[in-house]
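Participant: Quick note, the sequences are listed as chains A and B, same order.
Counted the way our numbering counts, the first sequence spans residues 1 to 115.
Counted the way our numbering counts, the second sequence spans residues 1 to 110.
Simulated from the structure, these hints should not be mistaken for lab results.
Incorrect hints may appear among the rest.
Said to hold, decoys possible - Now the in silico label distances, taken between C-beta atoms and shown as ranges: (1) S70/B with G28/A: 22 to 28 Å; (2) P40/B with D71/A: 27 to 33 Å; (3) T20/B with T20/A: 28 to 34 Å; (4) P70/A with T20/B: 33 to 39 Å; (5) G42/A with G62/B: 22 to 28 Å; (6) P7/B with G16/A: 37 to 43 Å; (7) Y39/B with D71/A: 26 to 32 Å; (8) N77/A with D54/B: 26 to 32 Å; (9) L82/B with T20/A: 36 to 42 Å; (10) S96/A with A5/B: 40 to 46 Å; (11) N55/B with Q17/A: 49 to 55 Å.
Glycine residues also receive a C-beta, built at the ideal position from the N, C-alpha and C atoms.
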Amino acid sequence: DSGVTQTPKHLITATGQRVTLRCSPRSGDLSVYWYQQSLDQGLQFLIQYYNGEERAKGNILERFSAQQFPDLHSELNLSSLELGDSALYFCASSTSQGTGANVLTFGAGSRLTVL
Amino acid sequence: AQSVAQPEDQVNVAEGNPLTVKCTYSVSGNPYLFWYVQYPNRGLQFLLKYITGDNLVKGSYGFEAEFNKSQTSFHLKKPSALVSDSALYFCAVRDGDMRFGAGTRLTVKP
Numbered sequence: 001d002s003g004v005t006q007t008p009k010h011l012i013t014a015t016g017q018r019v020t021l022r023c024s025p026r027s028g029d030l031s032v033y034w035y036q037q038s039l040d041q042g043l044q045f046l047i048q049y050y051n052g053e054e055r056a057k058g059n060i061l062e063r064f065s066a067q068q069f070p071d072l073h074s075e076l077n078l079s080s081l082e083l084g085d086s087a088l089y090f091c092a093s094s095t096s097q098g099t100g101a102n103v104l105t106f107g108a109g110s111r112l113t114v115l
Numbered sequence: 001a002q003s004v005a006q007p008e009d010q011v012n013v014a015e016g017n018p019l020t021v022k023c024t025y026s027v028s029g030n031p032y033l034f035w036y037v038q039y040p041n042r043g044l045q046f047l048l049k050y051i052t053g054d055n056l057v058k059g060s061y062g063f064e065a066e067f068n069k070s071q072t073s074f075h076l077k078k079p080s081a082l083v084s085d086s087a088l089y090f091c092a093v094r095d096g097d098m099r100f101g102a103g104t105r106l107t108v109k110p
């Protein structure tokens, strides 16, 4: 157990729907990162939050949004889902804002299947 | 922007033989480089990192990595591979957020 908790583990939904993925970071970590892992595109960085504030943005679609709450848990919202959104979504946490050599600790992932 | 490249999708080695998983990087400034491993149906696990100093970095499970500034490489190595080392390996670079390579699938055959 890495200390990073992601729910749900598996999710099956239909095109056009909206889902929310949840992440609780490791105790003491202030940064949360979201990544998308698909077969053909590897591990893509989506977005990072540090202590409630958006810190960095990667290849995140406009249909996707995220936030980090005062208790530091984070949610990734995916809307108007398409077949191509089927992927494994990882959350990771670290202590720092993003500079330096702090290690990211990953959760086990949420597998989204869009039918 | 920083990036890493893993030129091999797949690496196959026999158990007991040395293994190398290749990674090259592109950054402006001093790089922070990492290796992670992903076992089936699991999240990524940290193996080792390079910050500065000694070019040979030792990590978990007997893995080590060699930083080469002139060749902009950070190859992962292990002197004697185990079947249990079979997994997906990712090189990453950090300059703000962390960017990962495409991954290399290592298969160690008995």
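Participant: Each hint should be assessed against the structure and marked as holding or not.
Facilitator: These are the hints, each one checked on the structure:
no. : hint                         : in the structure
1   : S70/B with G28/A: 22 to 28 Å : 38 Å, violated
2   : P40/B with D71/A: 27 to 33 Å : 32 Å, holds
3   : T20/B with T20/A: 28 to 34 Å : 42 Å, violated
4   : P70/A with T20/B: 33 to 39 Å : 46 Å, violated
5   : G42/A with G62/B: 22 to 28 Å : 26 Å, holds
6   : P7/B with G16/A: 37 to 43 Å  : 39 Å, holds
7   : Y39/B with D71/A: 26 to 32 Å : 30 Å, holds
8   : N77/A with D54/B: 26 to 32 Å : 44 Å, violated
9   : L82/B with T20/A: 36 to 42 Å : 40 Å, holds
10  : S96/A with A5/B: 40 to 46 Å  : 25 Å, violated
11  : N55/B with Q17/A: 49 to 55 Å : 50 Å, holds
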